[in-house]
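Produce the entire structure from the sequences given, and follow the hints as far as they go.
Residue numbers (our numbering), protein chains in the order written: chain A, 39 to 355; chain B, 39 to 355.
The hints are simulated quantities; they were obtained by calculation from the structure and are not laboratory data.
Errors might be hidden in some of the hints.
It does not matter which identical chain is used: a pair holds within one copy or between any two.
No more than 25 Å apart at the CA atoms, straight line, and that leaves these computed lysine-lysine pairs for DSS-like [stated by the list, open to error]:
1. Lys333 <-> Lys301
2. Lys153 <-> Lys131
3. Lys263 <-> Lys300
4. Lys130 <-> Lys206
5. Lys131 <-> Lys104
6. Lys130 <-> Lys104
7. Lys130 <-> Lys99
8. Lys131 <-> Lys99
9. Lys131 <-> Lys206
10. Lys42 <-> Lys331
11. Lys335 <-> Lys248
12. Lys206 <-> Lys307
13. Lys307 <-> Lys269
14. Lys77 <-> Lys263
15. Lys88 <-> Lys269
16. Lys293 <-> Lys235
17. Lys231 <-> Lys154
18. Lys42 <-> Lys89
19. Lys206 <-> Lys104
20. Lys154 <-> Lys130
21. Lys348 <-> Lys235
22. Lys153 <-> Lys130
23. Lys266 <-> Lys41
Protein chains: 2
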Amino acid sequence: MSKKILITGCAGFIGSNLVDFFLSKKYSIIGIDNLSTGKIKFLNDALKSKKFIFKNEDLLKYSRIKNFFSNVELVIHLSANADVRLGPEHPKKDLEQNLIVTSNILEAMRENNVKKIVFSSTGSVYGEATEFPTPENTFFPIQTSFYGSSKLGAEALISAYSHAFGIKCWIFRFVSVLGPRYTHGHIVDFYKKILKKNKVINVLGDGNQKKSYIHISDCADAIYKSLKYFKDSINIINIGHNQFITVKQSLNRIKLLMKSEKKEIYQKKIRGWVGDNPYIHLDIKKLKRTGWKPKIKILEAVEDTVNFIKNNEWILK
Amino acid sequence: MSKKILITGCAGFIGSNLVDFFLSKKYSIIGIDNLSTGKIKFLNDALKSKKFIFKNEDLLKYSRIKNFFSNVELVIHLSANADVRLGPEHPKKDLEQNLIVTSNILEAMRENNVKKIVFSSTGSVYGEATEFPTPENTFFPIQTSFYGSSKLGAEALISAYSHAFGIKCWIFRFVSVLGPRYTHGHIVDFYKKILKKNKVINVLGDGNQKKSYIHISDCADAIYKSLKYFKDSINIINIGHNQFITVKQSLNRIKLLMKSEKKEIYQKKIRGWVGDNPYIHLDIKKLKRTGWKPKIKILEAVEDTVNFIKNNEWILK
Numbered sequence: 039m040s041k042k043i044l045i046t047g048c049a050g051f052i053g054s055n056l057v058d059f060f061l062s063k064k065y066s067i068i069g070i071d072n073l074s075t076g077k078i079k080f081l082n083d084a085l086k087s088k089k090f091i092f093k094n095e096d097l098l099k100y101s102r103i104k105n106f107f108s109n110v111e112l113v114i115h116l117s118a119n120a121d122v123r124l125g126p127e128h129p130k131k132d133l134e135q136n137l138i139v140t141s142n143i144l145e146a147m148r149e150n151n152v153k154k155i156v157f158s159s160t161g162s163v164y165g166e167a168t169e170f171p172t173p174e175n176t177f178f179p180i181q182t183s184f185y186g187s188s189k190l191g192a193e194a195l196i197s198a199y200s201h202a203f204g205i206k207c208w209i210f211r212f213v214s215v216l217g218p219r220y221t222h223g224h225i226v227d228f229y230k231k232i233l234k235k236n237k238v239i240n241v242l243g244d245g246n247q248k249k250s251y252i253h254i255s256d257c258a259d260a261i262y263k264s265l266k267y268f269k270d271s272i273n274i275i276n277i278g279h280n281q282f283i284t285v286k287q288s289l290n291r292i293k294l295l296m297k298s299e300k301k302e303i304y305q306k307k308i309r310g311w312v313g314d315n316p317y318i319h320l321d322i323k324k325l326k327r328t329g330w331k332p333k334i335k336i337l338e339a340v341e342d343t344v345n346f347i348k349n350n351e352w353i354l355k
Numbered sequence: 039m040s041k042k043i044l045i046t047g048c049a050g051f052i053g054s055n056l057v058d059f060f061l062s063k064k065y066s067i068i069g070i071d072n073l074s075t076g077k078i079k080f081l082n083d084a085l086k087s088k089k090f091i092f093k094n095e096d097l098l099k100y101s102r103i104k105n106f107f108s109n110v111e112l113v114i115h116l117s118a119n120a121d122v123r124l125g126p127e128h129p130k131k132d133l134e135q136n137l138i139v140t141s142n143i144l145e146a147m148r149e150n151n152v153k154k155i156v157f158s159s160t161g162s163v164y165g166e167a168t169e170f171p172t173p174e175n176t177f178f179p180i181q182t183s184f185y186g187s188s189k190l191g192a193e194a195l196i197s198a199y200s201h202a203f204g205i206k207c208w209i210f211r212f213v214s215v216l217g218p219r220y221t222h223g224h225i226v227d228f229y230k231k232i233l234k235k236n237k238v239i240n241v242l243g244d245g246n247q248k249k250s251y252i253h254i255s256d257c258a259d260a261i262y263k264s265l266k267y268f269k270d271s272i273n274i275i276n277i278g279h280n281q282f283i284t285v286k287q288s289l290n291r292i293k294l295l296m297k298s299e300k301k302e303i304y305q306k307k308i309r310g311w312v313g314d315n316p317y318i319h320l321d322i323k324k325l326k327r328t329g330w331k332p333k334i335k336i337l338e339a340v341e342d343t344v345n346f347i348k349n350n351e352w353i354l355k
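Written out as structure tokens, the structure reads:
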């Protein structure tokens, strides 16, 4: 049996961590990334391995990528427009990067007879959920963000391919992931605001938004265990934490670690931006059936992330 | 107040009926259709009206269509790849015709400050529902067809635009619509099979698929009443019938009307094609809040459709 895995977005935060993780499990990997937001540095270790091939390509260019899928057993499709807050500024970007790219991946799989795909979806597909923690089969949600909406469209497309062409899929709905190689999101934002000359830290929203997070090592482990455990044709699985924290708690921990005494200024609105979900907490009962549970507490994951940034301030540029 | 409505897919079955309906209500209408499946004949009456302008254009060509949205009050977006069964033969078609076109419409609305949209979605977004009749907020479904999956993606995109840009939307999840100008679907298929020389009628599936239908006049009335009644930013509304019938019942009625005594041959599988839903019955409680109820029984709608085809066999070509 071939054990070759193709990973899209392989130079990103989650991608490069999964490259290292699956290399450690002796898989051969072909990684694709156009380095628009991914960092080649994150692949420093992987590039030393004979089992890793890197392709600097744009997934929108179908004819240039389709042959990479030959003899691949499993595709891990992570590439996406990951900026969840700027949807309204360029609504076409989520459509192209999240939906059309996914369509290209699925067509390439079909042409090359690849029968397994892992997809990184998001808890944002639940919109503003009405059930907490939110299980995979909660009430049919209404979308509130371009990011969530394009991810839901991609989930749906993958499911249709699975149903029609006997492709097995594992669709993971992630909460925000933290840990080494984290390059964007609220921790980077607060880190930058603390470094700046301003005397105050302006927070998006009232700081009471409740969010759940997961450490990248727990996330990789969850994907690996799910691949072994769930054998349906279409598998949709939340990856989250039994805990959640508020934006305020997170910021306080970051300030402590950075020895900052700046004053926080909160807004008087519950959403930090258009499409922000004031409460994200996913039900992880299904995932736990695999024997998985999160090993790292959320505030420890915040700490690990801040320490990574301290040692790698180049990512802020 | 401007009362100009823009209707995409205006030469199609539902589109041309809505053109006539809204002309009768004294609206001005600009209709767009590339006549790939729409029929110019269906617009014969409308074209006589000074209040109707027809544009033969492809909605994928953004620069050619965007100016049509100037001074429009409401967009009724019906244009779609309506062949629900051939998804697996050309998976990109649903993506282009249903999703990228919808994205173009929304961008054109944004550029021209149009603040209202009606969208024709489908009960297929419920995949294989687990709750009957199926309400709008049933359990988060898994997609089984390319058609449903691209419509769900379009719904999601429209909701994200609504949330971000203050656009009001009415997303209607239709069961199959019947009546005058019906050009494709099971009645046309059976009609053709009865006309052919074969001695038998081959049915897709075991004939026990339960499906609900609505007559186009009830459908138009439902849209009109919903536009007046539902005032939320995002309105998602089923349009269906309190009744359902089986494929077998429908075929028997068609045979009777066509005086056919051909034998029916059923398959031993519950789904007629990949992505077929063996049971479609939508909950219409929400719609009924508007005072609407279906006036035409399903078998009467079947009869009306067969009579239309009898008088318009040119549509079979």
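- Please name the hints from earlier in the document that this structure breaks, with their numbers sorted from lowest to highest. 1, 3, 10, 14, 15, 17
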